[in-house]
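Number of protein chains: 2
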Amino acid sequence: MPSETAQPAFVLVRPQMGENIGAAARAMLNFGLDRMRIVAPRDGWPNPKAVAMASGAGRLLDEALLVERTIDAVADCTYVFATTARQRGMTKPVVTPERAMEMARDRIAAGEKVAVLFGPERAGLENDDIALANAIISVPVNPDFPSLNLAQCVLLTGYEWRRQTTEVVPETVEMGGSDWATAIEMEKLASHYEDQLDAAGFFFPDAKADGMKRNLRNMWSRMPMTRADVQMLHGVLRQMVRWKERRD
Amino acid sequence: MPSETAQPAFVLVRPQMGENIGAAARAMLNFGLDRMRIVAPRDGWPNPKAVAMASGAGRLLDEALLVERTIDAVADCTYVFATTARQRGMTKPVVTPERAMEMARDRIAAGEKVAVLFGPERAGLENDDIALANAIISVPVNPDFPSLNLAQCVLLTGYEWRRQTTEVVPETVEMGGSDWATAIEMEKLASHYEDQLDAAGFFFPDAKADGMKRNLRNMWSRMPMTRADVQMLHGVLRQMVRWKERRD
Chain A
1 MPSETAQPAF VLVRPQMGEN IGAAARAMLN FGLDRMRIVA PRDGWPNPKA
51 VAMASGAGRL LDEALLVERT IDAVADCTYV FATTARQRGM TKPVVTPERA
101 MEMARDRIAA GEKVAVLFGP ERAGLENDDI ALANAIISVP VNPDFPSLNL
151 AQCVLLTGYE WRRQTTEVVP ETVEMGGSDW ATAIEMEKLA SHYEDQLDAA
201 GFFFPDAKAD GMKRNLRNMW SRMPMTRADV QMLHGVLRQM VRWKERRD
Chain B
1 MPSETAQPAF VLVRPQMGEN IGAAARAMLN FGLDRMRIVA PRDGWPNPKA
51 VAMASGAGRL LDEALLVERT IDAVADCTYV FATTARQRGM TKPVVTPERA
101 MEMARDRIAA GEKVAVLFGP ERAGLENDDI ALANAIISVP VNPDFPSLNL
151 AQCVLLTGYE WRRQTTEVVP ETVEMGGSDW ATAIEMEKLA SHYEDQLDAA
201 GFFFPDAKAD GMKRNLRNMW SRMPMTRADV QMLHGVLRQM VRWKERRD
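Protein chains in written order, with the UniProt record's numbering: chain A, 1 to 248; chain B, 1 to 248.
Keep in mind that a hint or two might mislead.
The list cannot tell twin chains apart, which means a pair is met if one copy fits it or any two copies do.
Straight line, CA to CA, 30 Å or less: simulated DSSO-like cross-link-like pairs of lysine-lysine [as the list claims (entries may be wrong)]:
id, residue 1, residue 2
1, LYS244, LYS208
2, LYS213, LYS244
3, LYS188, LYS49
4, LYS188, LYS113
5, LYS113, LYS244
6, LYS92, LYS208
7, LYS188, LYS213
8, LYS188, LYS92
9, LYS92, LYS213
In case anyone wonders, no lab produced these hints; they're calculated from the structure.
Please model the complete structure; the sequences and the hints are all you need to start from.
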């Protein structure tokens with residue numbers, strides 16, 4: 001069963017190697033996409049090499065729409081993107097994957113059907129395929145080394161689809177089973193160190209002691225510590241004191 | 001020669017298959033990255049399978065820093081990212097690839113050295129590797145099918161590096177060798193069609209003629225046309241008239 005959420009169809013046009021069809025299926029499913037359409041695969045269909053490579057994403061191949069011509073793959077779509085590596089001398093909007101998937105998101109939210117065409121491995125899409133498209137997606141690669149393969153192009157487009165449609169907090173903190181330390185816990189830690197280091201003669205000479213203490217407190221306050229960290233640092237200090245007392 | 005522009009080092013930690021090392025090199029160079037570091041590759045070094053797969057990106061392998069321990073690979077770095085697929089129970093910031101490469105860009109611009117760790121194919125990074133990192137990069141994949149391989153993880157991170165550091169216009173129009181038509185050219189085209197269609201009896205009945213003409217002009221003005229398009233549409237109409245005159 002294709003997922004319930006509306007999404008663009010990814011159309012593989014005349015793909016050659018079965019492995020690449022399977023890798024494209026995996027790349028799609030990584031980003032929650034499961035509507036694949038396939039135009040005239042070179043080695044027929046079904047393709048055992050595609051199935052082997054798809055492994056956990058084999059369902060996409062079983063459910064893929066298989067057609068003979070590119071127009072049949074996009075017949076129900078109101079907006080079609082074509083991915084190409086080079087300029088084609090046709091007057092058409094050229095967009096980044098990011099902009100393309102923004103556009104796809106907005107059109108799909110408005111009830112449109114959107115497809116993205118991916119060309120065969122070596123030659124890419126033919127001009128007749130591109131003439132069916134409303135806009136061209138161009139991945140901003142290094143112009144001196146543009147070597148994206150089919151599954152990589154699918155991967156980057158799928159990544160942008162998910163980026164444009166899934167709310168992801170750009171930065172979180174994984175807590176290793178401990179909460180952040182509170183200000184009073186940090187204060188007690190700072191005092192514990194200050195007192196013991198004072199006893200140990202660390203704040204020397206006297207004229208510099210205040211500055212040294214301030215620097216030490218500044219350092220503690222700069223550290224984002226969990227309660228577990230604080231307990232560990234208390235333990236470190238207690239152990240150093242015990243060790244010193246054993247040696248006396 | 002590594003490129004002159006400052007960039008993060010990508011560190012492959014204990015990579016297993018030579019093919020994946022080569023594919024990672026290609027993925028990096030696609031986005032203009034060429035500083036690879038390799039920690040204890042399983043099958044020794046140099047690796048002929050890595051060289052074969054890297055093809056045009058073989059230079060990255062020749063220039064790669066080869067070390068025995070992860071710490072040696074990041075010794076000169078002031079900020080280290082680790083890429084992981086699963087939570088590790090360590091208290092650390094977890095960032096998207098996008099946020100990570102924004103942070104890398106800003107730190108590198110300020111003169112810092114930044115590295116990104118990528119783990120071995122099956123197991124991923126060990127906790128001892130991750131303990132060396134300041135933050136974790138987590139790609140927001142489909143939680144039901146997270147199957148990114150090493151080169152794909154390198155590809156997406158490289159893509160984000162380029163996206164954060166290269167000014168790319170999100171939408172341009174490829175002009176197929178012709179400029180956009182001017183307003184006066186569009187006006188002449190509209191009039192040409194209106195006049196000939198009037199002569200042909202298209203605007204019928206009279207009561208609807210004004211509305212039909214307005215709709216036709218609206219349609220022309222909605223079309224983003226080049227001069228070549230306009231000339232072609234003039235030609236279409238002239239030819240239809242000639243044809244009609246031949247048949248009279």
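Check LYS92 against LYS213 for me: Cα-Cα at most 30 Å, and say if that holds within a copy, between copies, both or neither.
-> between (66 Å within a copy, 28 Å between copies)
Check LYS92 against LYS208 for me: Cα-Cα at most 30 Å, and say if that holds within a copy, between copies, both or neither.
-> neither (71 Å within a copy, 35 Å between copies)
How do LYS188 and LYS113 come out at 30 Å by Cα distance, when the copy is not named: within, between, both, or neither?
-> Answer is neither: 61 Å inside a copy and 35 Å across each miss the 30 Å cutoff.
Up to 30 Å between alpha-carbons, please classify LYS188 paired with LYS213: within, between, both or neither.
-> Classified as within; 14 Å inside a copy, 83 Å across copies.
Using 30 Å as the alpha carbon limit, work out where LYS188 and LYS49 are close: within a copy, between copies, both or neither.
-> Answer is neither: 64 Å inside a copy and 58 Å across each miss the 30 Å cutoff.
Taking 30 Å as the upper bound on the Cα-Cα distance, should LYS113 and LYS244 be classified as within, between, both, or neither?
-> Neither: 75 Å inside a chain and 40 Å across chains, both beyond 30 Å.
Go through the copies and call it for LYS213 and LYS244: within, between, both or neither, with a Cα cutoff of 30 Å.
-> within (22 Å within a copy, 99 Å between copies)
When no copy is specified for LYS244 and LYS208, does a C-alpha distance of 30 Å or less occur within a copy, between copies, both, or neither?
-> within (25 Å within a copy, 104 Å between copies)
How would you classify LYS188 and LYS92 at a CA-CA limit of 30 Å: within, between, both, or neither?
-> Classified as between: cross-chain Cα gap 23 Å, same-chain 66 Å, threshold 30 Å.
Comparing the model with each numbered hint stated earlier shows that hints 3, 4, 5 and 6 do not hold.
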